[in-house]
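As given, the protein sequences belong to chains A and B, one line each in that order.
According to the numbering used here, the first sequence is numbered sequentially starting from 1.
According to the numbering used here, the second sequence is numbered sequentially starting from 382.
To be clear, the hints were calculated from the coordinates, so they are not data collected in a lab.
Hints may be right or wrong, so weigh each one.
[Unchecked claim] Derived lysine-lysine pairs resembling BS3-like cross-links, with alpha carbons at most 25 Å apart:
hint, chain 1, residue 1, chain 2, residue 2
1, B, Lys436, A, Lys97
2, B, Lys532, A, Lys367
3, B, Lys532, A, Lys327
Please read these numbers as outputs of a predicted model, since none were measured by experiment.
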Amino acid sequence: MRAMDYRGPRRVRVVDKPMPKLEHPRDAIVRVTRSCICGSDLHLYHGMVPDTRVGMTFGHEFCGVVEEVGSGVENLKAGDHVLVPFNIACGQCHFCKQGLFGNCHESNAQATAVGGIFGYSHTAGGYDGGQAEYVRVPYADFGPTIIPDWMDPDDAVLLTDVVPTGYQAAEMGGIQKGDTVVVFGAGPVGLLAARSAWLFGAGRVIVIDHVEYRLEFARTYCPAEVYDFREIGDPVVFLKKITDIGPDVCIDAVGADASGNAWHTLFGKKLKLEAGSAVPLHWAINSVKKGGVVSIVGVYGPTGNMVPIGNVVNKGITIRANQASVKRHLPKLIEHVREGRIDPKGIITHRVPLEDVAEAYHLFSSKLDGCIKPVLIPSAA
Amino acid sequence: MSKDIPMTQSEQADAAADTAPDAKHPRIDPQTVIGWGVDADPENDPTYPMRDRSKDDGPGMNWTPPVAQVADVEILQSVEYLRRPATVGQSTPPSGLSGKIRRAAFAYSESQWGHWLLLMLADRVNFVEGIVDDLGKGTLPNPVAEMGLVKSSNARVAGVATLAVAGLAVFGLVTLLRGRDR
Ligand SMILES: [Zn+2]
Ligand SMILES: [Zn+2]
Chain A
1 MRAMDYRGPR
11 RVRVVDKPMP
21 KLEHPRDAIV
31 RVTRSCICGS
41 DLHLYHGMVP
51 DTRVGMTFGH
61 EFCGVVEEVG
71 SGVENLKAGD
81 HVLVPFNIAC
91 GQCHFCKQGL
101 FGNCHESNAQ
111 ATAVGGIFGY
121 SHTAGGYDGG
131 QAEYVRVPYA
141 DFGPTIIPDW
151 MDPDDAVLLT
161 DVVPTGYQAA
171 EMGGIQKGDT
181 VVVFGAGPVG
191 LLAARSAWLF
201 GAGRVIVIDH
211 VEYRLEFART
221 YCPAEVYDFR
231 EIGDPVVFLK
241 KITDIGPDVC
251 IDAVGADASG
261 NAWHTLFGKK
271 LKLEAGSAVP
281 LHWAINSVKK
291 GGVVSIVGVY
301 GPTGNMVPIG
311 NVVNKGITIR
321 ANQASVKRHL
331 PKLIEHVREG
341 RIDPKGIITH
351 RVPLEDVAEA
361 YHLFSSKLDG
371 CIKPVLIPSA
381 A
Chain B
382 MSKDIPMTQS
392 EQADAAADTA
402 PDAKHPRIDP
412 QTVIGWGVDA
422 DPENDPTYPM
432 RDRSKDDGPG
442 MNWTPPVAQV
452 ADVEILQSVE
462 YLRRPATVGQ
472 STPPSGLSGK
482 IRRAAFAYSE
492 SQWGHWLLLM
502 LADRVNFVEG
512 IVDDLGKGTL
522 PNPVAEMGLV
532 KSSNARVAGV
542 ATLAVAGLAV
552 FGLVTLLRGR
562 DR
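All chains should be modelled from the sequences, with the hints used to inform the complete structure.
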């Protein structure tokens, strides 16, 4: 089969690889029909995630058709069209029982700090991902969800990560009616976090970024009040001034690849002594009102970051953070898509054949051609 | 005079805040947003993820773990586990020098920087191994195509062009060095 192949920082290609096999009674093999490149794939692509091995296939956002199921899978059959949450979760361990499907204890031998994730380095379990024609799906009797007949596959594939992650970012903010919510980052997750903030009753939604076309998109898609951080001086001062006492809720939807601060760029991105550049987190902690909530869904590495933790204490801030627990949100999100409250495929800007994966990564990484969300389509789809 | 002194970031923020929101950054009226408040919930505070004590029976109690996968390849395992999780990924097992470094890294817990820094080092070594491996299989590196700077349909042309440029550079260097010798 054809599959994406990581060769080192900023170098990927498509090659022939052996077909995946059933390795466990609860496995399924899925023929991929849609597979996205995610902002967090860029952390891998830039070589920032430890234990990202040459030869791995990335891709944790995919949907497709069930090709084959193991003897332990009774609720799926060949031919079912499914969307596959990015979390590999057993559904029955201590953490899964609490609905923490992003924190499953039975899917990642390499690290206890994160659950298994498809195609996301060996630090997230060493599973090949969905930027391929076929993929092995562990715990297929738990994770995959049948795509309703009426749903467009372009919407379905975004329910595997981007939509639930954005939605959970807003949920973790504990937004109450009338709250002012600031979202750092106008990438796919930031857009969905801002959109979801309204569903939770926000009174004002502000999005901060520096990529003009993305801010322009956020203005109408979310819709949101948008600011370019290059035009507002010190964003912390600016946010306090326009909200009186600071926003009620700040959401970090950027993570390790953030721009905007020379110090973090040097230590986090160039020297790699921090687990990525923590600029939005820094801004979130310092701008949120005292007693406010900071919600983090941006992805950082497993080492340390220089953030003003003293201010968290002195301001009495609540920090909420997690990898999205996709399966937990799906029933509600499918309903929101059907009712037209969320338009997932509205963020897709590029539909690219799998063969052009290198070009798609380059476009997305360098923010060229108005790219917001690229989707890869294998020729067998 | 003072107008020549650049504004500090705080002064810039002050100035920008004086006019915001404005025509260029309009404030959105919540009543115009489809679905506003449908998921509003006063109970969502404090919010997810919360410990759900009703389902908290402690690990290892009252449950049978999933059947364990028999791995066909070497799996490195965090020292923080009591036993191996039931399923494992079988992509790209450790090999070569990078594999040796990765094995060394897994002697340390996830809490130690040495663990992660060794893995980062292994990744850089692995990159070089990838090129050597390609050459061993008779595949010439094609960085221009792999970096996505050309369409895949032009990848072959890009590969030839890269080789030509590299060849010319080597030829030029050799000529230059020879000239110096004389
Ligand atoms: Zn993703
Ligand atoms: Zn689990």
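We went through each hint and held it up to the structure:
no., hint, result
1, B/Lys436 to A/Lys97, "6 Å, holds"
2, B/Lys532 to A/Lys367, "17 Å, holds"
3, B/Lys532 to A/Lys327, "37 Å, violated"
In summary, the structure is inconsistent with hint 3 from the numbered list given earlier, while agreeing with all the others.
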